[in-house]
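Number of protein chains: 2
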Amino acid sequence: MTGYIIAPDMSRVGLTRRVVGVDYTGAEVTQEVVEERPLTIYLNSQEIVTAMTIGDYPEYLALGFLRNQGMLEGAGSVTRIDYDEELGVVVVRTDHATNHEEKLKKKTRTSGCAVGTVFGDMMEGLEGLILPRAELRTSWLYALAAKINTTPSLYLSAGAIHGTVLCQGDQPLVYMEDVGRHNAVDKISGWMMQNDASAADKILYTTGRLTSEMVIKCAHMGIPVLASRSGFTAWGVEIAQQVGLTLIGRLRGKRFQCVAGADRITWDADLSAIKDEPKRSGRKGGA
Amino acid sequence: MTGYIIAPDMSRVGLTRRVVGVDYTGAEVTQEVVEERPLTIYLNSQEIVTAMTIGDYPEYLALGFLRNQGMLEGAGSVTRIDYDEELGVVVVRTDHATNHEEKLKKKTRTSGCAVGTVFGDMMEGLEGLILPRAELRTSWLYALAAKINTTPSLYLSAGAIHGTVLCQGDQPLVYMEDVGRHNAVDKISGWMMQNDASAADKILYTTGRLTSEMVIKCAHMGIPVLASRSGFTAWGVEIAQQVGLTLIGRLRGKRFQCVAGADRITWDADLSAIKDEPKRSGRKGGA
Chain L
493 MTGYIIAPDM
503 SRVGLTRRVV
513 GVDYTGAEVT
523 QEVVEERPLT
533 IYLNSQEIVT
543 AMTIGDYPEY
553 LALGFLRNQG
563 MLEGAGSVTR
573 IDYDEELGVV
583 VVRTDHATNH
593 EEKLKKKTRT
603 SGCAVGTVFG
613 DMMEGLEGLI
623 LPRAELRTSW
633 LYALAAKINT
643 TPSLYLSAGA
653 IHGTVLCQGD
663 QPLVYMEDVG
673 RHNAVDKISG
683 WMMQNDASAA
693 DKILYTTGRL
703 TSEMVIKCAH
713 MGIPVLASRS
723 GFTAWGVEIA
733 QQVGLTLIGR
743 LRGKRFQCVA
753 GADRITWDAD
763 LSAIKDEPKR
773 SGRKGGA
Chain G
493 MTGYIIAPDM
503 SRVGLTRRVV
513 GVDYTGAEVT
523 QEVVEERPLT
533 IYLNSQEIVT
543 AMTIGDYPEY
553 LALGFLRNQG
563 MLEGAGSVTR
573 IDYDEELGVV
583 VVRTDHATNH
593 EEKLKKKTRT
603 SGCAVGTVFG
613 DMMEGLEGLI
623 LPRAELRTSW
633 LYALAAKINT
643 TPSLYLSAGA
653 IHGTVLCQGD
663 QPLVYMEDVG
673 RHNAVDKISG
683 WMMQNDASAA
693 DKILYTTGRL
703 TSEMVIKCAH
713 MGIPVLASRS
723 GFTAWGVEIA
733 QQVGLTLIGR
743 LRGKRFQCVA
753 GADRITWDAD
763 LSAIKDEPKR
773 SGRKGGA
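Quick note, the sequences are listed as chains L and G, same order. Numbers 493 to 779, taken from our numbering, label the letters of the first sequence in order. Numbers 493 to 779, taken from our numbering, label the letters of the second sequence in order.
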């Protein structure tokens, strides 16, 4: 695919494994199944979290996770990131010493068995946050969906994985996949930080549901538009309206629903040129 | 639907909210969107976790969560469960005092940003665990899928929600839904505990992916068969093979794949009588 800075790399060793089973007729079948392995993230000398991840871009994942948790605030610049593949450990080092004993205690009490979020910390910094007012053209939305859905991906080849794509206008730029949709977003956040990428002119596309957690992550990253094939939760909608995020869901073929920021949409697409999604597109809305 | 002990209760107030937005033509649309609200779980005097949940069956969720985390071991019997709806707090009280300072510290270090799991604790107790050898008839699988997929549910009416169903033979018994698939499983676990339900003769059906976490929860609950419309992760498959769990995925229409325990399947279904899934079934495989 042209135009991507990072696209799914299907040739990468170790992201999937061949698993032998039987199908409904009892015949032996072999399938590619995505890997899922623990990655322990350290911030300086402190162990922060063990994430279950597919295993690519551990440095971006670690950096983006720490950033999205607000743990890099007051830490100065990131001086170094070391990844030990054998141990499954990534260490992010910063200028200034950090101590997140208190934050970790808080996390203990609030870490989500529900949707994997660190609820208490995540809401921090949202008060008073208003995202920049960004235009969204419907022609971009349709172009992005068409490009992303036909980009070769682990999802299309192995399934059971979430994708998140950083886009600008009608161009997908960075396409990350992971077993947890939060990881995919965190990897994008880490990439943006390492590459000093602007957020105000970007669009975040995800295959996952638009829960409060996804909306909060997007807001923390400063990206003013979030779009998904999947649906909403009520609280996700509420937060999007509060922070001025344009929130688009159920984006399939011609159809979508916008539940926040609809006044920023420019309706420039020629609908007669947009195809309805083929019934067997190979894509589903992740529940 | 007949035969259910608990089925989704669509008349229950407060599980969904009407949200106004615009559709792809710019026309105003109103849709039902599932709620997502914090529930803080206490074990005796100790605050354990805040889960994001749809809000039904908080007592089962709290009990099942604590049980699946192994936090009730050594606690004696559960003497009382108090739920304060206004505060969003549920307190589980046990015979013996509990102190999970150490466990919570461990959880801090291992709670999953990836798939919402508490990795360190979850793996505890799996060494040497072998599930009872249970028969699985393909006729049951097809009957369960047909019944569950046509049962009125929040998924069918609002989407963006996961379902998990406790079944016996060809009969679905307890159908729980939640914004996080882990919550749906935990609610089933809590129900089983409160009702002294046997596990060895049960089948667990879920709409979500068969990640390591789902397989581990099912194993901890002692249920020997786990089936899903969705796909696998490699580690989930590995753990299922290790503990003797029959693992069925991508169950749609006639089709399924079995990647662990296939030798326990009785192929008694008349395939010519099973319809392929209609292309627009309203059901998707959750990514």
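Don't read these hints as lab results, they were simulated from the structure. Certain hints may be false.
In this list, chains with the same sequence are indistinguishable; a pair is considered to hold if it fits within one copy or across any two.
[Claimed, not checked] EDC-like mimics (lysine to aspartate or glutamate), calculated; alpha carbons at most 20 angstroms apart, straight line:
(1) K746 <-> D576
(2) K639 <-> E730
(3) K767 <-> E551
(4) K746 <-> E520
(5) K639 <-> D762
(6) K639 <-> D760
(7) K767 <-> D515
(8) K639 <-> D688
(9) K639 <-> D693
(10) K746 <-> D760
(11) K746 <-> D662
(12) K746 <-> E619
(13) K746 <-> D574
(14) K746 <-> D515
(15) K767 <-> E527
(16) K746 <-> E527
Comparing the hints with the structure gives:
1. K746 <-> D576: neither (45 angstroms within a copy, 44 angstroms between copies)
2. K639 <-> E730: neither (30 angstroms within a copy, 35 angstroms between copies)
3. K767 <-> E551: The answer is neither: 39 angstroms in one copy and 47 angstroms across copies each exceed 20 angstroms.
4. K746 <-> E520: Classified as between; 16 angstroms across copies, 40 angstroms inside a copy.
5. K639 <-> D762: within (17 angstroms within a copy, 42 angstroms between copies)
6. K639 <-> D760: Within one copy only: 18 angstroms inside a chain, 44 angstroms across chains, cut-off 20 angstroms.
7. K767 <-> D515: between (34 angstroms within a copy, 16 angstroms between copies)
8. K639 <-> D688: The answer is neither: 25 angstroms in one copy and 52 angstroms across copies each exceed 20 angstroms.
9. K639 <-> D693: within (19 angstroms within a copy, 47 angstroms between copies)
10. K746 <-> D760: Close inside one copy (13 angstroms), not across copies (43 angstroms); limit 20 angstroms.
11. K746 <-> D662: For K746 and D662, the Cα distance is within 20 angstroms only inside one copy (16 angstroms; across copies 39 angstroms).
12. K746 <-> E619: Neither. Shortest intra-copy (35 angstroms) and inter-copy (51 angstroms) distances fail the 20 angstroms Cα cut-off.
13. K746 <-> D574: Cα proximity of K746 and D574: none, with 45 angstroms in one copy and 48 angstroms across.
14. K746 <-> D515: Between. Shortest inter-copy distance 10 angstroms satisfies the 20 angstroms Cα cut-off; intra-copy 35 angstroms does not.
15. K767 <-> E527: neither (34 angstroms within a copy, 32 angstroms between copies)
16. K746 <-> E527: Intra 34 angstroms, inter 27 angstroms, cutoff 20 angstroms: neither.
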